[in-house]
Structure formats: structure tokens, C-alpha cells
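K.L.:
Keeping the supplied structure of chain A fixed, place chain B upon it in accordance with the hints.
For the record, the sequence lines run as chains A and B.
Read in order, the letters of the first sequence correspond to residues 1 to 267 in the numbering used here.
Read in order, the letters of the second sequence correspond to residues 268 to 604 in the numbering used here.
None of the hints are false.
DEER-style ranges, computed between Cβ atoms:
id, chain 1, residue 1, chain 2, residue 2, range
1, B, LYS494, A, LYS201, 48 to 56 angstroms
2, A, LEU116, B, LEU431, 40 to 48 angstroms
3, B, SER444, A, ARG178, 52 to 60 angstroms
4, B, LEU431, A, ASP239, 43 to 51 angstroms
5, A, ASN50, B, GLN320, 37 to 45 angstroms
6, B, LEU431, A, ASP215, 53 to 61 angstroms
7, B, GLY423, A, LYS185, 51 to 59 angstroms
8, B, ILE434, A, LYS185, 55 to 63 angstroms
9, B, SER416, A, ASN50, 40 to 48 angstroms
Hints listed in this document are in silico derivations from the structure and should not be mistaken for laboratory results.
Every residue gets a Cβ at the ideal spot worked out from N, C-alpha and C, and that includes glycine.
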Amino acid sequence: MKKLTTTLFALLLILGISSSNAAAADATELMKQSHLAYFYAGDDGLTDVNMTIVSKKGKERVREFTMIRLDIEEGGNQKYYTYFKKPSDVSRITFLVHKTSEGNDQRWIYIPSIDLVKPISADDKNSSFVGSDFSYEDISGRHWIEDNHTLKADETLDGKAVYVIESVPKEAYKGFARKLSYIDKETMLPLKEEYFSKKDKLVKKFTADKIEVVDGITTIIVRTMHNIKKGGHTTVTFDKISYNVGVKDDIFTERYLKNPPRKYIKK
Amino acid sequence: MNWFKKSHPIRIADNAMNAHLAGTYMNYLVFEGEEEGSMKSPELLNYMYAVQQELSKNETVGSTTGVTDIIKKIRYELYTADSSKMVIPDNQLEVAQLLFVFEMSGGDPDDLFEFVTPEYDKANLWVQLKNGDNLAVSAVVDRGNKFLSENPPPEGITVKWAGLPYINIEWQNQMVSGMQKSLASSFVVVFLMMVFLFRSFKWGFFSMLPLTITVMAIYAFIGYIGKPYDMPVAVLSSLTLGLSIDFAIHFIQRLRVIHKRTQNFDESFNEIFEGTGRAISRNVMVIAIGFLPMLFSTLVPYITVGAFFFAIMIVSGLVTMLLLPSITQMFKKSLFK
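So that you can see chain A by itself, here it is in the shape it has in the complex:
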């Protein structure tokens, strides 16, 4: 077995890494950088979130929550703590996610009306987050190693130079069959993403609507997910963002689900 591996390795060396492989490697590297800029900004982050879900018929539903993120490892494990404020009948619900780069995430929810902490299924990362057009994965990121990436073009989008990268899941995935990301060359943030179905129809479109520099970190303040397939969209607005506040690991535990850390969460 070892011999075979050595032979293969030697073969690869002899053949050299082909140019297309080099391009793929580049695209993967670009995707990784974009991912780090987008989902791993700073070592931790704290923000108030307003999520406005607009149905096809134009009816609005609003969710407001505070979100605390801690990166355990850059590009790897992360922990998210979410404290819901609105709608008022779900206020004080808290939600905890331990995200792992291997994909076996864990989620817990605290239900204040019955004072119960319950682990909930995290199998379907493509499922909707609190009934919005964003999936869990759109919020916390789909790891770049799960897709094959190809650099399709260098373009200009709204006056900004972008990489257009196509991502195709390595294993069949419900969320999309193909995704095009338009990544700002300067900040490495995605300005636009287009999700295509198996039949290559555009089903979802992400747009970064407002970008600002906060604590020296370029941040998407307003983003929208357009649900092309069903109609409607969800707009997420960040407010009171702060980075590198020194969030401690122990708040991402059951104890803090029941008793939210007052230091970070103002009612």
C-alpha cells in the first residue's frame, strides 16, 4: 500500500501539477480568503441583527436578535450564541451553535416559557434559519472544502473588480447544484452570489447591499437573500457591531442559555 502511494506521488511529481489544477487551487485559495474575510472577521464578533422577512405578497415579518460569535480556530470551529428579542412572544429564547469544520454541528435552544434547554437536529444545514430565506449555512458559512471551485472570470461589478468563482458541491447537495460568487478583489467579501438548481435555474440570489469599515474590518452591514424560486426576500441589517471584544468560551454553554451574559446582551 505504501509502495503504491509512493508510486502515485512520484507519478504526480513527474507529470507536474497541470495548469487546470493550478487554477482550481487558486480558486480554492481565493474562496478560503473570502470565507475568512466574511465568516471569520476578527477573533470574535458581536452584533445586533434585524432580519426582515418579506413574503411574495409583500407581507413583512421581523426578527431581532443579538448574535455573539467566537472563532476557536481561524477557518475552523466556531461558536455562535443568539439571543432573540423580537417578535415579543419569543423574546428571551436563546440559541447556541457549535459549528465544526467536519460538519457535525450541534445546536441547542432554550425555551423560556417552559424553562427547557433542548438539543435540536443540525442535520439539514440547508434548512431555513428562523423561517427566513437564509439557511443556517448562509448565516454561518458552508466550508469551502465541501465544494470544487473554479475561477470563471475577472469582471467589474458596480465599479468594483471581482473574481467570479463557480462552486460545485463535491457531494450532491440540496442547497444548490452550482453557485457563482462575485468576490470583491480588494476586500475579498462576496458582493453577489447566485445559487442554481439541478436544472440550472437561478433559485436564490445573495446581494451585499451596504458595506462599511467597523473597527478596521470591512463588514457587510446590509445583505439580502432573494428567493427567486418562491418569491420574496429577507434583508439582514447589522447594528452595533464590535470585533475582538474578548468573548470567553464559557458563555457558549447551557448555563448561559438560561442566563444570558448581561455583559453583551442588553434587553
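P.N.:
What follows is chain B alone, placed relative to chain A:
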């Protein structure tokens, strides 16, 4: 579905599916509140559950599913499969939070929104029926309506039926009563026209006999065998009106013309049976036999049409050829002065 024969594969398949599943006929009971969130009220949810239990007493109802069942199921799951917790909580906050947990715990939010609007101002209770027959559906609807009137819904809530089987019975009711009205009014109009045409009230009256007797015979027979009065029957009764009056006009008009010439009743009768009588009988036979092939159709309405056309032609032909001559014979003095 009853438009297919009992032995037709589609009907057999439908019966089998309905016997094993909750029912293939989807009816809905729509609960509408005045404000957002009114579907989260425990009072409303308990009421909806009571409606579900009442409807389930009808044997046609395969199952009922509503937001109530989702809430109970979430509660059951949260309390690690404790079936005593499978009830509607008495606290609205808990209802709201349980539903939020459902939205959080993955799956398609649209699954929930099959049963309730995202604003929670309207809910849709699924009432799956095993039988789409008008009588069966009507029984379910009546049972529901009786319960709703005896136990009014909570303040500010209205409850309405919806769904295809319900639309069907409404449509049938409208259609049948519409048909009955139009049949009655055409009957009157035809009678007036006959009186005008023959310039005689008596002749007008007698000319209505073949169609009256035929329609009555059909209805009596339908009632006797217990066949529901549905669309094919309604259409057929209107057709009877036209066909039978045709024979009567033909017969009476010819008789009067001939009699004017001969001035002799027996002579006129001989002549009319030779000419017009033969024409009418052939007309009857041709149309009656012409519709017989429809008896071999797989669709029940076609069989109905075929069989009834045959019967209509025979009955109205017989009445024209036997009854009309006998009556004219009896009243010949006053009819032909």
C-alpha cells in the same frame, strides 16, 4: 369518482387508496382571526381541536390535521416522547415559542405554513375524506356546521369551509336548484306557447301530457332506484321537454289539419296513424336504439344518458301514440266542434 363504474380500475384504485390512507379528498376548514397572532391563542386551538374531534366521528373523515397537531407533536418531542404532554398548552407564550422552535429546528417553513399563515391570523384545518360523494361530503359539512352553530367559535374568529369536494357540493346544489327552476319555467313557457299555437287552452293542455308524463316517469324511476339527482339527470329532463313536445305538436297539428279536411274522426285517425304515426314511431326507434351503444361505456354518466334517452324516447313515444289518441277520442266533441 362515481362517474366511473364500480368495476373500473380507477374506481377500484380509489377505493383501495381511501381504505388504506387517510383519504384522497381534501376538504379544508379555514379559521380566520381579526388580528395577527390570533391563531396562537390556546382558546382558539382548543376550539379547533374540538371541531376536529367532532368531525372525526363521521366515518367519511379519514383524518384531520391542523396547526394543533403540530403544536402537540412539538410538545411531545420536547418532553422526550411523553404522551401526557401531547396537549395544547394553556399559555399563549408557550404556543408561540413552541412554533418558533419548529421554525428553528430545520425543515421547510412552508410545511408549517400549509396549516397557518406566517402572520398567524388564519389557519387551515385539513379534513381528509375517504369518499368524494356529494351525500358523504354533505354529511361531513352538515356535521361541522351543526357543531359550529351550537358551539360558536371564540370572539372575532370566523370559520369557513373550502376545498374541492366542498366546492363540488355547493356547485351541485346551485346547479340542481338552477336546473329545477329553469325546468319549471320552461314548462310554463312551453305550455303558454302551445295554448297560443293551437289557439286553444284544451289542446295546449293535452299537448303537455307526453312530456309531463315522461318527466314524471323518469323522476319516479330515479327516486325508486335511489339514484342521486345529478347533472346528467338534470340535463336529461330538459331534453325530455324538447323531445316530447315535438311529438305532441307533430301529432296534434297533423290531426287538426286532417280533420279539417275529412270532418270525420275515424277517417282522420286512420290517416294520421298511416302517415304521422309511422314517422313518430320510426323517430322514436331510431333515436332510442341510436343511444344504446352508450350503455357499454365505462363512464357512468354516459350509461345514464344512454339508458335514459332510450327510456325517454320509448315512454314519450308510447304516450304520444296511445294516450293522445285515446284522450282526443274521449273529448272529441269539445275538441273538434
